[in-house]
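Residue numbers (UniProt numbering), protein chains in the order written: chain H, 1 to 344; chain L, 1 to 344; chain V, 1 to 344; chain P, 1 to 344.
Calculated directly from the structure, the hints in this document are not laboratory data. Hints are not guaranteed to be accurate.
Same chains, same label: a pair holds when it works inside one copy or across any pair of copies.
To be verified - Here are the simulated DSS-like cross-link-like pairs (lysine-lysine), alpha carbons at most 27 Å apart as the crow flies:
#, residue 1, residue 2
1, Lys256, Lys223
2, Lys223, Lys247
3, Lys162, Lys247
4, Lys334, Lys40
5, Lys115, Lys299
6, Lys299, Lys117
7, Lys299, Lys247
8, Lys256, Lys115
4 protein chains.
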Amino acid sequence: MQVSILGATGYAGVELLRILHNHPEVDIAYLTSEGSTGKKISDIYGHLRGIYDQVLISIDNIEKIAAASDFIFICLPHGHAMQVGKALENTKTRIIDLGADYRFADTATYEEWYKVKHIHKNTARVYGLAELHRQEIKTAKIIGNAGCYPTASILALAPLVKQHLIDPSTIIIDAKSGASGAGRSAVVANQLPELYDNFKAYGVASHRHTPEIEQELSSLVGKNVILNFTPHLLPMARGILSTCYAKLLPGVTAEKVDDAFNQLYASEFFIRLLGRGAYPTTKNVRGSNYCDIGWQVDKRTGRVIVLSAIDNLVKGAAGQAVQNFNIACGFDEKTGLSMTPMYP
Amino acid sequence: MQVSILGATGYAGVELLRILHNHPEVDIAYLTSEGSTGKKISDIYGHLRGIYDQVLISIDNIEKIAAASDFIFICLPHGHAMQVGKALENTKTRIIDLGADYRFADTATYEEWYKVKHIHKNTARVYGLAELHRQEIKTAKIIGNAGCYPTASILALAPLVKQHLIDPSTIIIDAKSGASGAGRSAVVANQLPELYDNFKAYGVASHRHTPEIEQELSSLVGKNVILNFTPHLLPMARGILSTCYAKLLPGVTAEKVDDAFNQLYASEFFIRLLGRGAYPTTKNVRGSNYCDIGWQVDKRTGRVIVLSAIDNLVKGAAGQAVQNFNIACGFDEKTGLSMTPMYP
Amino acid sequence: MQVSILGATGYAGVELLRILHNHPEVDIAYLTSEGSTGKKISDIYGHLRGIYDQVLISIDNIEKIAAASDFIFICLPHGHAMQVGKALENTKTRIIDLGADYRFADTATYEEWYKVKHIHKNTARVYGLAELHRQEIKTAKIIGNAGCYPTASILALAPLVKQHLIDPSTIIIDAKSGASGAGRSAVVANQLPELYDNFKAYGVASHRHTPEIEQELSSLVGKNVILNFTPHLLPMARGILSTCYAKLLPGVTAEKVDDAFNQLYASEFFIRLLGRGAYPTTKNVRGSNYCDIGWQVDKRTGRVIVLSAIDNLVKGAAGQAVQNFNIACGFDEKTGLSMTPMYP
Amino acid sequence: MQVSILGATGYAGVELLRILHNHPEVDIAYLTSEGSTGKKISDIYGHLRGIYDQVLISIDNIEKIAAASDFIFICLPHGHAMQVGKALENTKTRIIDLGADYRFADTATYEEWYKVKHIHKNTARVYGLAELHRQEIKTAKIIGNAGCYPTASILALAPLVKQHLIDPSTIIIDAKSGASGAGRSAVVANQLPELYDNFKAYGVASHRHTPEIEQELSSLVGKNVILNFTPHLLPMARGILSTCYAKLLPGVTAEKVDDAFNQLYASEFFIRLLGRGAYPTTKNVRGSNYCDIGWQVDKRTGRVIVLSAIDNLVKGAAGQAVQNFNIACGFDEKTGLSMTPMYP
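Isolated chain H, as found in the complex (with noise of 0.2 Å):
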């Protein structure tokens, strides 16, 4: 397969390259850059020396690079994956766009939350989280891939929330994220000086994952959900841990919790079950494409725990991607993620 990245030189593209480095079934056709045209992609990441050396051309040969790749991976802010999308409308070239431009099935909520006009809006597309759009995937001209936040909440609380166990309108989701989340732009409040040995909120009551999740979970108790969503910035650069909260239904059991993560998610790979009482760390799925997954039924209060750790660059992002791929080509979906976690 012939695969392109637009927007390389992002962690999310960079990290698309360490995954598919491993892939055998991939050839990196062309990679872009505006902002460092006509350097190596090596030059710009020196731990890609001798594994990339590629020259990154712009985005302006969209052609060109559409004619030449079999699937195009989108690494672009939001808002530009939409006119890529609708550029290569009328070609062969399958699109993951690991922003936001496709994620919405109501391009009136994208609106709402982006605060940019949607421009591609009657067309199909898929929202990429495998576990619960497998099928859809596979002949999916372009799938919407789900942001890091909404892939360790949505797999949290998806068992949950399709068995019916709980009250939807009760749901908290407390979330915190390493900093390479925020991607590579130079800005002071991300400073090393200025996140390093600190913690705090960010977008509180306010951030644009809300939706994404409430969209998700809505679709799978089949009706409306509105819930809390509270992003942090952790000093570190990878990784998420979500907590989330929600009151249990009136005779829910431990027991029938349990049942609902086992029954969802028992042929899952990359879904890691801790089971009730252990619960997940960032650590232990760095570098990997693994959801690691614990819960815990609180019977003072009626309520359950569930926390879920990614990697916010592999099962977040680049990973989750390849992964899709995988499954639009009918390729084992492990393909090239095999990664151990690394630790320490």
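Place chains L, V and P on chain H using the hints.
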């Protein structure tokens, strides 16, 4: 004032020394340590070299220590302070226990959560959180210094609970702490390679600070509060951020929420209200006795989210102890506590 | 004393404020910032809220500032202080420049390494390292505060150079600094994901602190010293450790080495000698004005290895500036500088 | 190939498992641990869950283990491997020891620095650094895998020493390592609050890796080399950076230095030469088997400065062991080692 510290070689003990060094009214009488008796404290902690080179003695000398001390700060694991308290019952020496032994009005709660028998039940004690118990602290013989997580969490929620603006049965506290909170003993799980670049929850639905928070909030609202408290371990040494959620009662506006904070804390020096829509960071209070508080009202869900940040070793331990000590002695509450936070 | 800070919103500027807050003889007259004129400094740095809420003005007001200030601390990039110095030539206002403009006795050296023309050459200036230049500082109009790396390195080597115990041509200084040394401007290379969990050298054989170290050591030994200085960037915010190597001259014993340190620094409050075989750590001096020094003599190679640790923002910048200020004002040198290091 | 790991629950042991998981020619026969016998390795290390759930056995089963294993990797503290080596003398099982027991050609040196008697002196062993000893590794029965610091330091200096471009008596190696190098046992000094945001030297003029480096450089230059080696502890988990200094011999130009590196390493896959004036970072090699090398010639002092970076657990331990294993088995040297470094 002559003061002594029992268990001076823990992190809270040496933080007390750091603070007391700039307290004009304090002389250190004795420092105890069972593991390092006979050594200088600066042999254990090089940062104290030339500042405190006092020799550590054993707690076996408690009578001599008490005779020489107006105040004793106890920085020992729970279960020890009540023995000291009992032994000094008929002395004039006053006690501030940084552990849990004297935090509970109902010692049955203590016994249930700490799994030890309380041997000093029928004695007066005050919960050492000045913002809520200033009057009682003034004359207390025994002060049970508030815990680190409880300090951050109670201060965040007290105005809303006291003014009956939230439904107490909906309270969820998602808290995160630096690793110094786990103390200084050698444990594989706390080695740097294990905790660094890592994040995890622990004590889910079972942490001992839960009943302490519930005691204070119950007392404020006038009925029994049961809540969820989930602690997490940050990959850093100091700092607690507490993210608190609750449903607003019908008709409660954002302005009423603002008013509640402004009223309760208007004259509190150590509480800095950032206001609605502004959020605290742990680094902004590092090394200081401040508790920074910000909040948001989410109209979509009808919840209020309150965030508070403290330095767990200062306002969460040693600084709070000195604040209580100042009140108990009739000194200006800020004496020795005018440190500007250390940033970056 | 009325003091003003030019460039108050850099890390050295706010560290000055942290220290001066506890200085009984100081009032802040003006704070300048070109990027944030009109804002409160506590809007830029939340840790200062309620402590310093002063409005920032532009350096364009330099005449008004000078008229109101006994002392001006300059925390601007090199090239600016000499303009201020020249403009205030005929005023009574004294200057402590935390940059490089006034560190060199020979301005040709400055011009060669800093690639700018010096516009204020023929004026008296003192190298602001109190342990070596205390007398001259007392009456100086312009003090060129010693650089961070030079402070750690010069203090480590001064006793051996002064006593002619080492061959100066064999000096190698391998130094490591936290990232706050790079300042606060937004640079991709200093974003947390780039620096965190990472370590690297920079400025190899070309760093501008080299001639500053050479100037002082040359002056001590009475001949021209040329040496190697290699800075590295630690994945943390504060702290410098300098590891210095040199060949002992024939016949120099370990005891003579010990004596040299003890003699030169016997009455220096801010220098803590750990002795032979004991080594400093950056955390043991964090937040304080101490310079901790330890050393070893390697009989196998005939070399002495000296290690020194400072907080780059305190003894390496703001603390040293206040120490110089105290000397210049005739105050006790320790005034405002009695902070115990913050550990852990 | 059947391979077993003795001491599988150390950091080197689990890193071997991470690497071998992607090695197509390897089956794991047995894993030993004395502290966790009977447990699954994934009970100790959650990141291995679902990947390696094998039960740990005791080394008491060494005969059974040897009978089932073509190769045994030994990840035990020094002193143990020589017992295993002796016990397996008459078997066909080959050994790669990741400890120090078989690194020294002259066991007297081992006994002097490690303070233990060597019980397996008169047996052939190869120093396991492929770039220097590839031929001998091919047929070796016992391979003493090169140490972490020595790997980085020897590779940095080998070209210059071998080509007689530097004066070996002037070599100084200032090395810095992440804390995983200290292993996994519980020690107060290695707790996160102690090491985090901290930096220090240790083992000054006395570290056991000194004679190992000297052995290899002496062998290359053909005379006895004595040097200074100073290790430091970085506040991070993985990675070594070695900064090496030496005087160039008269007439040696920068170009000759460049040539030496290019010649010796032209066909070495795992050595990436960054060239003169470019410097390695630990993150650029993290998780990979690369050793990145850059250098500078300082005309002012006549010294060359060489910097090398490795991941101490990969090229400094497990990766190097697999590289040696591949050579010894006749496999492609890169088998299982094609991991792209993990960045950021």
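Each hint tested on the structure:
1. Lys256 to Lys223: Close inside one copy (22 Å), not across copies (32 Å); limit 27 Å.
2. Lys223 to Lys247: So lysine 223 and lysine 247 pass the 27 Å test inside a copy (17 Å) and across (21 Å) alike.
3. Lys162 to Lys247: For lysine 162 and lysine 247, both the intra-copy (15 Å) and inter-copy (24 Å) Cα distances are at most 27 Å.
4. Lys334 to Lys40: between (29 Å within a copy, 24 Å between copies)
5. Lys115 to Lys299: Cα proximity of lysine 115 and lysine 299: across copies only (19 Å, versus 42 Å in one copy).
6. Lys299 to Lys117: Classified as between; 25 Å across copies, 47 Å inside a copy.
7. Lys299 to Lys247: For lysine 299 and lysine 247, both the intra-copy (11 Å) and inter-copy (20 Å) Cα distances are at most 27 Å.
8. Lys256 to Lys115: neither (41 Å within a copy, 30 Å between copies)
In this structure, only the earlier hint numbered 8 is contradicted, and the remaining ones agree with it.
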